[in-house]
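Q: The primary structure of each chain is shown beneath.
2 protein chains.
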Amino acid sequence: MTTADARTPASKQNDGTPDGAIPDDGAGKSIGWHKGYVQGSRPDLRVPVRQVHLTNGKDVTLYDTSGPYTDPAIDTDVRRGLAPLRENWIIARGDTEEYAGRPVRPEDDGVKHTSPRGGLRNLDAVFPGRPRQPRRSRDGRPVTQLAYARRGEITPEMEYVAIRENVEAEVVREEIAAGRAVLPANVNHPEIEPMIIGKRFLVKVNANIGNSAVTSSIEEEVDKMTWATQWGADTVMDLSTGRNIHTTREWVLRNSPVPIGTVPLYQALEKVDGRAEELTWEIYKDTVIEQAEQGVDYMTVHAGVRLPYVPLTARRKTGIVSRGGSIMAAWCLAHHKESFLYEHFEELCEILATYDVTYSLGDGLRPGSIADANDEAQFAELRTLGELNTIAKRFGVQTMIEGPGHVPMHKIKENIDLQQEICEEAPFYTLGPLTTDVAPAYDHITSGIGAAMIAWWGTAMLCYVTPKEHLGLPNRDDVKTGVITYKIAAHAADLAKGHPGAQEWDDALSDARFEFRWEDQFNLALDPDTAREFHDETLPAEPAKTAHFCSMCGPKFCSMKISQDIRRQHGGSQEEIEEGMAEKSKEFAAAGNRVYLPIAD
Amino acid sequence: MTTADARTPASKQNDGTPDGAIPDDGAGKSIGWHKGYVQGSRPDLRVPVRQVHLTNGKDVTLYDTSGPYTDPAIDTDVRRGLAPLRENWIIARGDTEEYAGRPVRPEDDGVKHTSPRGGLRNLDAVFPGRPRQPRRSRDGRPVTQLAYARRGEITPEMEYVAIRENVEAEVVREEIAAGRAVLPANVNHPEIEPMIIGKRFLVKVNANIGNSAVTSSIEEEVDKMTWATQWGADTVMDLSTGRNIHTTREWVLRNSPVPIGTVPLYQALEKVDGRAEELTWEIYKDTVIEQAEQGVDYMTVHAGVRLPYVPLTARRKTGIVSRGGSIMAAWCLAHHKESFLYEHFEELCEILATYDVTYSLGDGLRPGSIADANDEAQFAELRTLGELNTIAKRFGVQTMIEGPGHVPMHKIKENIDLQQEICEEAPFYTLGPLTTDVAPAYDHITSGIGAAMIAWWGTAMLCYVTPKEHLGLPNRDDVKTGVITYKIAAHAADLAKGHPGAQEWDDALSDARFEFRWEDQFNLALDPDTAREFHDETLPAEPAKTAHFCSMCGPKFCSMKISQDIRRQHGGSQEEIEEGMAEKSKEFAAAGNRVYLPIAD
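Same order as they appear, the protein sequences are chains Z and R. Here the first sequence stands for residues 1 to 601, numbered as in this note's numbering. Here the second sequence stands for residues 602 to 1202, numbered as in this note's numbering.
It should be emphasised that the hints constitute simulated quantities derived from the structure, not laboratory data.
Here are the simulated DSS-like pairs of lysine-lysine, each with C-alpha atoms no more than 30 angstroms apart in a straight line:
#, chain 1, residue 1, chain 2, residue 2
1, Z, K497, R, K1098
2, R, K1098, R, K1014
3, Z, K413, R, K1098
4, R, K1012, Z, K411
5, R, K938, R, K918
6, Z, K411, R, K1098
7, Z, K285, Z, K393
8, Z, K393, Z, K411
9, R, K1012, Z, K497
10, R, K918, Z, K497
11, R, K918, Z, K58
12, Z, K497, R, K1014
13, Z, K413, R, K1014
14, R, K1098, Z, K317
15, Z, K411, Z, K497
16, R, K636, Z, K317
17, R, K659, Z, K317
18, R, K1014, Z, K411
19, R, K1012, Z, K413
20, R, K918, Z, K35
Throw the hints in and build the complete structure from the sequences for me.
A: Given below as structure tokens:
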């Protein structure tokens, strides 16, 4: 969600992006809200909220993912990066140390030869903001929120999300300790506003960004990230695969108020010029450390794509559709060897534990078509992800499990039920699922349907799908459409799960609708600008904003107006009318529906 | 679905509509299909299909709702209207007669005073096409498809839909006879291509059109109708409430290849200048006959809004949100009387039976917000609709039941289950339902989620919701977006219900996707034009149409390409590879997952 105010800072960063200027949001129109903070137990623990002011004097408080960019009191600058909110919390724990870190090499940005501009560089050259050294566990023991939770510690991060989710901090600690929730927070990403992913909490939404075969500028990716979080993205995955992959990620991380996820395999493949068979554990491990030192909060690891499973995809209609999955399958077959990710998984756990990088165990064999849904290959991999989940927990690494894909509605529930059983209720993180294959250009909708259902049944985070899925690279508008569609799916699921307080938002908007408080409707809407724009298309005049009807039916046909008149025409306050009508309805029922004496007679 | 060819005829009708010219669909690009016909048991029974020609030489046959407009061999002209396809079938039954019919009055078009241009007119003046007299039952006995089905007759209409749905004609007859399906086909609307609405058949989609407080031209409404059917609308409701309401409807009917539904109460209210309390049974009855003579195929009747139920809405968050419902509630309270629709229901049945107008029993007390879902008022009305359904059946009138509305996901199933039980499995026809209130401007999506779910569970037809819901009048683009969204929901439900043949469409598109047959993907897509446009945004060049990758991942990262290479790099035909891989996977399983010998070694 956002407003004119909300997007103004983003426009600072938008200069010269191919997408052009940010759509005019008629500054001054959306003045119906401000950024607020809920004070925690310590001065530096302030949880941001979106305070919507209604014309009836009431306030509605909504979850806010937009970061400091929407706080007019904070002067943000993408070249400086965000303030390291969590730094003192991390230092205070005393279990981490700064160290020189791995030198950044030209290959990290996809530059093969050592040009004058190439050669060794330090992070200052990569990012102009405050100089920083990477941080890691002082003694190799896990510095993860999972480890703290098991020890019974309620970290500031846990208190932060407890306030955000409106639950007891102890509930947060328990869910993390039990592995039913993750709080992705790399010690090298102190800029984030902590959030939690688990079925007992609000359903979260991830937005993917990243440059690709088609080049896009670093500024553009940073802008896409802030744009996505302003519309409600809870995490962002940087799936860049082209040039400047390291530098792009650094800029995104330093400016991101939400956890950042990646797929290290993509960068590793770049380092071997896209020749899957040339991948090695060493190159992959080095890439993971490179990204962990930068501050990546969670990493997709396709360690479940085992050699024996590859043949199971032979009869599939669409084979292997996961990039990571197909790369690992190619490697396995080329070498006739078991996956190096599977074989080195414990070593990988040790690395992730020392930075608190959260696992997102990838579903490399997810179905890419309705025909392939819930097949042997998919569930064989899921069982392996179950094994790996258990191992990761042993090493104190937070873990979530990725899910499909293309799945028809009647096969969706089996996915979440099986995952919850096999993976001991670890958070499920699904892409859609898409409920049909026939609507390219509308896959945000084919998948939004499946996403809402699987989230209702227990999926903790939804990876968005944009209208460009299967066709091309999402632009700014696609990112917005994808995020809004998935916020709808997530909130619909929160309602269906009966999440405490979820319905207050719907109730506030419906009250405004029934009472013709148009400005309040707009300000409470998931997308205030488009709602206002659609209304004004047919009734632009200001008076229409208070009119007791809209252009759909006109005054004569407005059911809500008639409905209100029915109540009013019998005199007295609405409360009295309601009393009276309710009384009458009781009388009527008592009289066995035989006789009815109308109101106010 | 449509293509460039498909829309060309519509553009004829588009001249001078405010929406302006039809978006360029790059004529010649979408040449991958043609209009075909399946020959029935008689020469004049030819069922239209959309034949998609794939580049691999195969053909895919899809359901087609676009009417003669997409047949280049037929020269359509909106001033002449469509050919009366069913006329001979109706005449041949010998149970109907032509008659003078009710004179068309100025008030029918909302013209109060008798101007020179006003006064009595005949249909010729209303519509320039072939002169016609209305038709009705010769002896007052029902001339409905229900009556014929009960008699064991398989009408040409039933054979037509049987071919369309790819089922036995006897199945169609049985479902209609049992009241589990309706075949809306007024004897005065011979132009339609018969279709069926019932849970054992493909899920259908209705699109609403109609001018309103905001004036829109007659041509524009006719164009919206053809536009909607070209994208896949199975029926269209004309909800006009403004001027020229009679004439607009006549033009729509004479040019519509799909059944047309209306809410007669809207026109009746116009005749009393919008003063609900001045409505009378006589005015309403006269309006119903007026519309039945024109050929309206189904009518929404809010006879379930009984006086005693109105107080049940008093404590609601959004009261009564159905226009018809609020009008009847206002009337009931103003007169302190039971609804004249409820009290005259049997007389109304007699009228509808003599034209074969199908009932769509309106849910005037549907919930207008999440808070009001599944409440006492809603279900009290539903029980009354059950009573009325039984009465309608006794009079041989085909009947479907309308459903909500705003309903959170966890309360949706109760709606369809209760309706099926109370209404003896009469077809359920729902608006969405919308699964959250917080996304005005995106209610096609909030409702598309609920629509897909309730259709999976047995709803027979879905009434679309456009992005303008709650905000304004849908324009041409909104109509398209609404129809496409609902075709997605309907098809997703057909898949989940395991409707025979439904998945062939998905399979054909997924095969094309995996084999990089981009043109086939576009031509099989629900919206070929937008799919092609999105693809070309990032890779416009023609070669990209055969490229073994797309702009999303580029050649190095295309999982499908890698997936195919995996199969090929071991030599032999794809079939052989699959054989080999499958063999190995068996061996592997047999070996207890201990050892794995790679393919082709």
